[in-house]
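Novice: Letter by letter, the chains look like this.
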Amino acid sequence: MDQKGEPIEEILERYKGQNAFVVIEVLSVDPKTQKPLTGRVIAVTPDETEAGLAARKAKHFLIRWVGEVAEVIIV
Amino acid sequence: MPTIPFDASRRVILVGAIAFAIDGRPAELTVLVDTGAVRTGFRRSTLIGLGIDVDASEQTIRLNTASESLTVPVVNLPLLRVFEVDFRDLPVLCLPLPPTVPADGVLGFDVLSRFRLFVNYKRGLLVAEPFNGFLSGTKFLWQLAKAM
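Chains G and Y are the protein sequences, given in the same order.
So for the first sequence, this note's numbering puts the first residue at 1; every next one is plus one.
So for the second sequence, this note's numbering puts the first residue at 1; every next one is plus one.
Extracted from the complex, chain G is given alone in its bound form (with noise of 0.2 Å):
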């Protein structure tokens, strides 16, 4: 993987269904919306806690469930 990671639609489709959280280094960013493009997999675990330490590590990064996701939310 190069420096500026692979784009992280790629990745979230990659893992879809494993019912788990995975941690992304953000490496790249939209340069007009500063959304952001490409990252690298740090971390892919179904447990919160494992999943937060391991975006320590990332100097920018977000997580992502990719699994079932509810249709109707009740707060």
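Just so you know, the hints here were simulated from the structure itself, not pulled from any lab data.
Please note that the accuracy of each hint is not assured.
[To be verified] Think about it this way: if two alpha-carbon atoms lie no more than 30 Å apart in a straight line, the pair counts; the simulated BS3-like pairs of lysine-lysine are:
no.: 1; chain 1: G; residue 1: Lys35; chain 2: G; residue 2: Lys16
no.: 2; chain 1: G; residue 1: Lys59; chain 2: G; residue 2: Lys4
no.: 3; chain 1: G; residue 1: Lys16; chain 2: G; residue 2: Lys4
no.: 4; chain 1: G; residue 1: Lys32; chain 2: G; residue 2: Lys4
no.: 5; chain 1: G; residue 1: Lys16; chain 2: Y; residue 2: Lys122
no.: 6; chain 1: G; residue 1: Lys16; chain 2: G; residue 2: Lys32
no.: 7; chain 1: G; residue 1: Lys35; chain 2: Y; residue 2: Lys139
no.: 8; chain 1: G; residue 1: Lys35; chain 2: Y; residue 2: Lys122
no.: 9; chain 1: G; residue 1: Lys57; chain 2: G; residue 2: Lys4
no.: 10; chain 1: G; residue 1: Lys35; chain 2: G; residue 2: Lys57
no.: 11; chain 1: Y; residue 1: Lys122; chain 2: Y; residue 2: Lys139
no.: 12; chain 1: Y; residue 1: Lys122; chain 2: Y; residue 2: Lys146
no.: 13; chain 1: G; residue 1: Lys57; chain 2: G; residue 2: Lys16
no.: 14; chain 1: Y; residue 1: Lys146; chain 2: G; residue 2: Lys32
no.: 15; chain 1: Y; residue 1: Lys139; chain 2: G; residue 2: Lys32
no.: 16; chain 1: G; residue 1: Lys16; chain 2: G; residue 2: Lys59
no.: 17; chain 1: G; residue 1: Lys32; chain 2: G; residue 2: Lys57
no.: 18; chain 1: Y; residue 1: Lys146; chain 2: G; residue 2: Lys35
no.: 19; chain 1: G; residue 1: Lys59; chain 2: G; residue 2: Lys35
no.: 20; chain 1: G; residue 1: Lys59; chain 2: G; residue 2: Lys32
no.: 21; chain 1: G; residue 1: Lys32; chain 2: Y; residue 2: Lys122
Add chain Y to chain G, keeping to what the hints say.
Specialist: Showing chain Y alone in chain G's frame:
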């Protein structure tokens, strides 16, 4: 002032936000705009990732939701940027959101009450303008007209 598109087909308002650790590391977040929530809160993974020790928090709060009552830690978030406005040292809740909830956290009244808000559910547009005097009100009306 931002006019933020959202996917109305998901039947919730999910928007982007950025939280910063005390050392300045940013985290890209997806947050739920929840006008029914009193307080803003985030997932445990997000807060831990930002270097916050949620288990060491000395402050807790009894949280009554529509479905349950529970005690959750309150921690200080160094910086939250939402709708282009910075909130520093914001007390936030550590929320036990189920993994299947497609959000890293919830924006509640404490944050949302700092804005004029307009939602066009049909078009999937949210207009958010901070209360910054008369001019901001005029800008809000202009953005609102465009979002109608």
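Novice: Each hint should be assessed against the structure and marked as holding or not.
Specialist: Each hint, compared with the structure:
At most 30 Å may separate the alpha-carbon atoms for a hinted pair to count; Lys35(G) and Lys16(G) meet this at roughly 21 Å. For the suggested pair Lys59(G) and Lys4(G), the alpha carbons sit about 14 Å apart, so the restraint of at most 30 Å is met. Taking the CA atoms of Lys16(G) and Lys4(G), the gap is about 22 Å. The hint holds against a cut of 30 Å. With a C-alpha separation of about 17 Å, the suggested pairing of Lys32(G) with Lys4(G) holds against the 30 Å cut-off.
For the hint pairing Lys16(G) with Lys122(Y), the CA-to-CA distance comes to about 29 Å; that is within 30 Å, so the pair holds. About 28 Å separates the Cα atoms of Lys16(G) and Lys32(G), which keeps this hinted pair within 30 Å; it holds. With a C-alpha separation of about 25 Å, the suggested pairing of Lys35(G) with Lys139(Y) holds against the 30 Å cut-off. Taking the CA atoms of Lys35(G) and Lys122(Y), the gap is about 25 Å. The hint holds against a cut of 30 Å.
With a CA separation close to 17 Å, the supplied pair Lys57(G) and Lys4(G) stays within the 30 Å bound. With a CA separation close to 20 Å, the supplied pair Lys35(G) and Lys57(G) stays within the 30 Å bound. Between the alpha carbons of Lys122(Y) and Lys139(Y) the distance comes to roughly 22 Å, so the proposed pair stays at or under 30 Å and holds. For the given pair, Lys122(Y) sits about 14 Å from Lys146(Y) by alpha-carbon distance, which is consistent with the 30 Å threshold.
Annotation: proposed proximity of Lys57(G) to Lys16(G) holds, straight-line Cα distance about 23 Å (limit 30 Å). Taking the CA atoms of Lys146(Y) and Lys32(G), the gap is near 22 Å; set against the 30 Å cutoff, the hint holds. A threshold of 30 Å between alpha carbons decides the hint, and for Lys139(Y) with Lys32(G) the separation of about 22 Å falls inside it, so the pair holds. Restraint check for Lys16(G) and Lys59(G): satisfied, since their Cα atoms lie roughly 24 Å apart, inside the 30 Å limit.
For the suggested pair Lys32(G) and Lys57(G), the alpha carbons sit about 26 Å apart, so the restraint of at most 30 Å is met. At roughly 24 Å between alpha-carbon atoms, Lys146(Y) and Lys35(G) fall within 30 Å of each other, so this suggested pair holds. For the proposed pair Lys59(G) and Lys35(G), the alpha carbon gap of about 15 Å is at most 30 Å, so the pair holds. As the CA atoms of Lys59(G) and Lys32(G) are separated by approximately 20 Å, the hinted pair is consistent with the 30 Å bound.
Taking the CA atoms of Lys32(G) and Lys122(Y), the gap is near 27 Å; set against the 30 Å cutoff, the hint holds.
Of the hints listed earlier, there is not a single one the structure fails to meet.
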